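There are 2 protein chains.
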Amino acid sequence: MPAPNAIIDYINKNSGKFVQRLAKAVSIPSVSGDAAYREAVFDMAKFLRDELEAVGVTVRFADLGKQVLDGKELNLPPAILGSIGNDKNKKTVLLYGHYDVQPALKSDGWYTEPFTLTVDNESGRLVGRGSTDDKGPVLGWINILQAHHDLKLELPVNIKFCLEGMEESGSEGLDELVVAERGSNKFFDGIDCACIVWRRASFRSTPYLTIPQSDNYWLNTRTPCITYGLRGIVYFKVNVRGAGQDLHSGVFGGLVHEPMTDLVILLSKLVTPLGKILIPGVNDLVAPLTKDERERYETLDYSISDVEGVLGGKLTVSSDKETVLMNRMRYPSLSIHGIEGAFSAPGAKTVIPANVSGKFSIRLVPDQTPDAIEVCVKEYLMQEFAKLESKNTLEIELIHGGKPWVASPDHWNYRAAIKATEIVYGQTPDLTREGGSIPVVLTFAEALGVNICLLPMGRADDGAHSTNEKLDLSNYIEGTKLLGTYLYELATAQ
Amino acid sequence: MPAPNAIIDYINKNSGKFVQRLAKAVSIPSVSGDAAYREAVFDMAKFLRDELEAVGVTVRFADLGKQVLDGKELNLPPAILGSIGNDKNKKTVLLYGHYDVQPALKSDGWYTEPFTLTVDNESGRLVGRGSTDDKGPVLGWINILQAHHDLKLELPVNIKFCLEGMEESGSEGLDELVVAERGSNKFFDGIDCACIVWRRASFRSTPYLTIPQSDNYWLNTRTPCITYGLRGIVYFKVNVRGAGQDLHSGVFGGLVHEPMTDLVILLSKLVTPLGKILIPGVNDLVAPLTKDERERYETLDYSISDVEGVLGGKLTVSSDKETVLMNRMRYPSLSIHGIEGAFSAPGAKTVIPANVSGKFSIRLVPDQTPDAIEVCVKEYLMQEFAKLESKNTLEIELIHGGKPWVASPDHWNYRAAIKATEIVYGQTPDLTREGGSIPVVLTFAEALGVNICLLPMGRADDGAHSTNEKLDLSNYIEGTKLLGTYLYELATAQ
Ligand SMILES: [Zn+2]
Ligand SMILES: [Zn+2]
Ligand SMILES: [Zn+2]
Ligand SMILES: [Zn+2]
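As they're listed, the protein sequences go chains A and B. Using full-length UniProt numbering, read the first sequence as starting at 1 and increasing by one per residue. Using full-length UniProt numbering, read the second sequence as starting at 1 and increasing by one per residue.
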């Protein structure tokens with residue numbers, strides 16, 4: 001069922017109040033990665049607790065322990081666990097969000113004070129750190145609850161909130177909390193599905209450093225999208241060790257086994273220029289493409305020129321839209337990131353580096369797992385190294401791994417999200433899988449075993465993690481309507 | 001003819017005076033690479049002028065113009081051009097040396113003040129910056145001239161000195177000077193042969209950074225050596241350019257041509273793990289090995305374990321002595337130094353670098369020339385890149401090149417040097433070619449067209465360019481005898 005008109009009217013009439021709520025949130029510099037801001041992260045938790053309690057949510061702070069940061073022992077900001085509604089006849093949805101933000105200094109290149117929400121009336125933009133990532137989305141839920149509270153309307157579903165304050169700094173403590181709080185009569189008991197509102201950074205013209213992870217947002221700037229899958233990752237470090245010290249090529253060139261020679265040969269055997277992974281077994285673990293699935297990529301509103309614009313050239317491995325989309329979303333990819341220990345500065349040093357480490361990672365898709373891929377990679381590289389008949393030594397380290405995630409987009413959770421999008425935006429959303437990983441999704445998927453839907457509020461050009469981060473006022477207000485409508489659709493979806 | 005006994009006696013009796021002369025020279029911190037020491041470099045030139053004039057040499061300072069260093073315009077230290085003797089019936093030998101030194105700070109790890117010559121009576125070492133490189137050798141010649149001067153003996157040959165003050169900083173201005181001063185009635189007119197006294201760094205257990213070039217010294221610590229060849233070099237930068245900016249592998253991995261993939265494939269096609277260069281045409285330019293030459297390597301006093309000791313492991317490409325020596329001295333070698341523009345720091349960044357530059361160099365031997373090799377390398381890499389069918393772009397830059405040098409060891413100049421070594425050290429020296437290049441040798445060889453001999457004074461473990469640089473007193477004194485004896489052998493050698 002659609003949301004009552006009264007809710008939609010309320011949202012339209014109270015947009016000024018909602019902007020003020022966001023302005024207050026942005027003014028609290030809850031940077032989790034800098035010890036100097038830790039008090040502000042706690043202030044932000046208290047602000048949200050007060051806001052949630054004011055609209056009827058029962059709130060508890062879950063203590064996540066301590067961490068050492070910048071040489072200081074600090075208390076971790078709490079996870080905010082909130083509940084509203086306990087009707088056995090209603091579904092219970094878990095809403096995840098985070099209240100910490102990335103660092104921001106005016107001197108980084110902001111046109112305005114990053115922790116002062118600036119409303120640009122001409123462009124309709126709300127500029128400030130956290131506006132789109134993730135304070136706007138979190139407040140979107142609170143706006144909906146306020147509407148119900150003020151209008152004295154019952155919520156269509158039971159809601160549980162899990163809001164963390166360490167997402168931008170590795171979600172420290174969250175995995176343990178989710179495991180500790182699942183099971184009968186614990187906080188996460190009785191949850192039927194989950195929703196994560198996320199902004200998405202892909203295909204944006206933003207330098208790499210500001211895109212530490214990809215998020216779900218519209219694939220282009222035209223069509224809304226809902227994300228049902230994320231790739232996993234395994235990151236390897238391949239160490240080739242030779243002499244006890246770096247050598248001079250004039251003195252030793254020609255008489256010694258050079259680690260760089262071995263390493264570039266090994267790295268050259270990983271992947272073709274067209275992106276085909278050459279490690280035996282890796283592709284065998286990819287779940288076969290179904291006809292339904294293939295069709296889903298055909299319907300996506302997407303063109304090669306979208307990505308060429310961002311790349312600054314015709315650099316895609318294929319000019320076939322479906323191939324490019326599937327290479328990014330549903331097939332593994334292998335990227336060589338660089339070499340540690342070799343000569344990497346400008347200039348022309350004639351060194352023979354003694355110890356070099358090649359770094360590469362593979363983005364994983366179902367049914368690949370980090371464990372299975374690790375076996376394939378190590379076996380293959382050791383075999384290839386043996387062929388070199390080098391006297392250097394090889395060591396292969398797995399630096400980190402994360403499983404891929406994919407949800408069924410045929411689940412009623414998705415049907416509700418799709419319906420809500422059609423109602424609010426008048427468009428059928430694109431159903432997409434994303435290239436990068438979002439660890440918290442895996443945390444909830446694995447620990448709770450429920451269907452999770454990733455809904456967008458912001459736009460692809462919001463500049464989350466970048467300077468001049470913004471959320472369009474229209475996205476904030478229409479997004480709030482989307483969240484409300486989703487809850488109503490959820491209540492009746494089957 | 002051997003040197004008169006009176007000369008040898010004089011050297012033995014005056015060793016204390018010679019050490020004081022070296023102490024005075026070391027006390028002048030003539031660091032050419034640091035603008036703050038430029039006045040001291042000029043002081044060192046004046047010191048040498050006074051010393052040379054006192055023993056009968058006619059001296060002139062050749063102005064080499066100006067340079068910009070550390071943002072300041074500085075006068076270049078002069079080349080000291082000296083002449084003694086003008087007898088048409090005698091040979092004329094050019095003696096090259098340099099009076100500038102590498103930087104040295106006590107805090108770098110010196111046990112004593114670097115610019116105070118410290119005589120360690122127990123070990124017989126003279127410790128101080130410049131002791132072996134190159135003040136000791138330069139003063140060796142002056143000691144010999146002093147002996148002749150004090151004993152009122154005629155020199156057996158005419159001598160011309162060319163002493164520069166910028167050798168440690170690229171020999172700025174020297175090439176132009178040599179070209180300007182050659183031809184009839186110019187300074188370098190009438191020179192029959194040349195001798196460069198050099199210390200040699202090869203096979204020493206010293207970190208790379210302290211060995212910017214290899215020099216001629218004994219191949220092991222047992223047998224003296226004389227060097228008759230040096231390899232040249234061509235240094236390449238291979239640039240592969242992709243997108244306009246670095247990309248995130250989660251977002252773009254699988255859909256874009258990655259420059260690192262292309263680059264490691266190109267680099268993997270340059271050389272085998274055993275050191276065989278794969279670039280067509282490069283090996284064809286190597287002059288064929290003659291039987292005589294091969295035998296020369298067989299007689300060298302050298303074992304694989306000498307080099308394994310320095311490498312810290314069994315890492316040579318062959319366990320055949322002659323193969324290893326020839327790979328270093330008379331065959332080309334190719335070393336991959338590193339990659340600029342990729343991720344080279346510790347950690348696990350998931351970047352797809354947008355522009356990467358692989359750096360490698362080839363050590364050249366006759367009849368290879370940088371020009372000919374450049375053609376082979378560019379053609380080959382462009383062909384290999386075309387095979388990749390990549391949409392990235394390739395550019396190959398030659399960063400710098402220097403020709404190889406080889407002199408005839410059958411020349412009377414070498415016969416004199418060999419005879420002198422046999423007389424002073426009681427051993428037939430090893431005749432070697434070296435792996436690295438010494439640009440000034442090529443300058444004189446090409447501009448003057450005379451036979452050049454590289455004679456050693458110091459030892460392989462002297463630590464030139466390193467902390468606690470030293471010259472053994474015995475090497476200083478016996479080396480002075482060697483230089484004197486060489487001049488007498490030169491007079492009669494045919
Ligand atoms: Zn976020
Ligand atoms: Zn974020
Ligand atoms: Zn030197
Ligand atoms: Zn030097």
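No lab work stands behind these hints: they were computed from the structure. Keep in mind that the hints are not guaranteed to be accurate.
When chains are identical, the list treats them as one kind, so a pair holds in a single copy or across two.
Said to hold, decoys possible - DSBU-like cross-link-like pairs, simulated, lysine-lysine; straight-line CA separation at most 30 Å:
| id | residue 1 | residue 2 |
| --- | --- | --- |
| 1 | LYS321 | LYS391 |
| 2 | LYS17 | LYS106 |
| 3 | LYS152 | LYS24 |
| 4 | LYS152 | LYS106 |
| 5 | LYS321 | LYS387 |
| 6 | LYS314 | LYS378 |
| 7 | LYS13 | LYS387 |
| 8 | LYS276 | LYS237 |
| 9 | LYS314 | LYS391 |
| 10 | LYS24 | LYS106 |
No experiment lies behind these values; they were computed from the predicted model shown.
Comparing the hints with the structure gives:
1. LYS321 - LYS391: For LYS321 and LYS391, the Cα distance is within 30 Å only across copies (17 Å; inside one copy 46 Å).
2. LYS17 - LYS106: Within one copy only: 26 Å inside, 68 Å across.
3. LYS152 - LYS24: within (25 Å within a copy, 97 Å between copies)
4. LYS152 - LYS106: neither (42 Å within a copy, 80 Å between copies)
5. LYS321 - LYS387: between (39 Å within a copy, 24 Å between copies)
6. LYS314 - LYS378: between (34 Å within a copy, 25 Å between copies)
7. LYS13 - LYS387: neither (72 Å within a copy, 63 Å between copies)
8. LYS276 - LYS237: both (20 Å within a copy, 27 Å between copies)
9. LYS314 - LYS391: For LYS314 and LYS391, only the inter-copy Cα distance (7 Å) is at most 30 Å; the intra-copy one is 42 Å.
10. LYS24 - LYS106: The answer is within: 18 Å in one copy meets 30 Å, while 58 Å across copies does not.
This entry does not satisfy hints 4, 7, going by the numbered hints stated previously.
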